[in-house]
Amino acid sequence: DIQMTQSPSSLSASVGDRVTITCRASQSIGRYLNWYQQKVGEAPKVLIYAASTLQRGVPSRFSGGGSGTEFTLTISGLQPEDFATYYCQQTYTTPRFGGGTKVEIK
Amino acid sequence: VQLLESGGGLVQTGGSLRLSCAGSGFVFSSYAMSWVRQAPGRGLEWVSSIGTTGADTYSADSVKGRFSISRDNSKNTLYMQMNNLRAEDTAVYYCAKDEPWGGCRSATCLFDSWGQGTLVTVSS
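Going line by line, the protein sequences match chains A and B.
Remember, the working numbering sits 17 above the position in the first sequence when you count from 1.
Remember, the working numbering sits 121 above the position in the second sequence when you count from 1.
Everything labelled a hint here was simulated from the structure, so no lab data went into it.
Mixed in with the good hints there might be a few duds.
Estimated spans, in silico, between C-beta atoms of each pair [said to hold, decoys possible]:
| no. | chain 1 | residue 1 | chain 2 | residue 2 | range |
| --- | --- | --- | --- | --- | --- |
| 1 | B | 148 | A | 29 | 41 to 49 Å |
| 2 | A | 78 | B | 146 | 27 to 35 Å |
| 3 | A | 31 | B | 175 | 43 to 51 Å |
| 4 | B | 139 | A | 28 | 23 to 31 Å |
Where chain B lies over chain A, by a calculated footprint (3+ residues, C-beta under 8 Å) [to be verified]:
| no. | region |
| --- | --- |
| 5 | 61 to 74 |
| 6 | 93 to 100 |
Since this is a predicted model, take the numbers as computed values, not measurements.
Ideal Cβ positions, reconstructed from N, Cα and C, are used throughout, including at glycine.
Next comes chain B alone, as it looks inside the complex:
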């Protein structure tokens, strides 16, 4: 399994960015996917998840209305559209693949594979 994020960079407060995560080595369309971020020196924060077809999405309150998760299964790629960026959105953003362990009935069960992360810096 490989997950490769791209699209991070420096953006001004109020600006937009689109992150991408290309998956390989697994049947991308069969797994829910998520974004997790980590601000400098801080802990992990779940951001958003999407089901296998893209019809079901879930986001943290901190990004609702500003960030939008989507996927293109024909391209094996996960996206995060980030609008109206704030300084507190500065973080390394990881994409993660879900693994529905036996007996799990949740929309997401376990983040078993992670990308290397892409840094988003929001500055005025």
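Here chain A stands alone, though its shape is the one from the complex:
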């Protein structure tokens, strides 16, 4: 099984900050990496797929990068509505999620 490790597990940031979350795969997954945002009490929502493609309707302050085993999600200019938990997911093999990164208000 491919393991997905996210870091950090949580972070505190202010509105307007640039935030980067890292996701590492235990073996190469090409670009089969998706990012989701989940707010409390809601279902997850797709932000980025295929490592760097922005899902339709997602603000351009979200961006994804990487390939192989190391990936990043960057939020450029954090907004109040961005405080949530973010998950990476590999679909190179049977799907697996990272442990999540909770973004909290500083």
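Using the hints, position chain B against chain A.
Frame of chain A, contents of chain B only:
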């Protein structure tokens, strides 16, 4: 796209439940479907996926031999039969629709639409 789960509830350890997920707003038979769960206060865990015809199924080791995914394309409905339930199966269960983005060659590529979830509580 709408996905509406049902069938959750309180069940005793060792008991069974069948979850359903009714899909609408898309051609249900054209998309792979999956179940994902989230234990209270925990992260997302993929549970099981099924191909468009129902012939291909995949499940996490944690549920193999106990949970069975199926679909009825004539009813636009996805199912999860859960047997021999354990306390650690307590979670919100989401169904999700797959979206095969261009160039993806995996059985599942992206969970682009999710239901609102149904809570399963397993208690002794």
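task: Evaluate the given range 43 to 51 Å for the C-beta pair formed by residue 31 (chain A) and residue 175 (chain B).
output: 49 Å, holds
message: Can you tell me whether the CB distance of residue 148 (chain B) to residue 29 (chain A) sits inside 41 to 49 Å?
response: 44 Å, holds
Chain B over the region 61 to 74 of chain A, status - at least 3 residues with CB closer than 8 Å: Held - the region 61 to 74 of chain A has 7 residues with a Cβ nearer than 8 Å to chain B, which meets the minimum of three.
- prompt: With a Cβ-Cβ cutoff of 8 Å, does the region 93 to 100 of chain A contain at least three residues near chain B?
  reply: violated (count 0)
Satisfaction of the hinted span 27 to 35 Å by the C-beta atoms belonging to residue 78 (chain A) and residue 146 (chain B): 29 Å, holds
- prompt: Holds or violated: 23 to 31 Å for the Cβ distance of residue 139 (chain B) and residue 28 (chain A)?
  reply: 40 Å, violated
Taken one by one, the earlier hints fail for this structure at numbers 4, 6, listed in ascending order.
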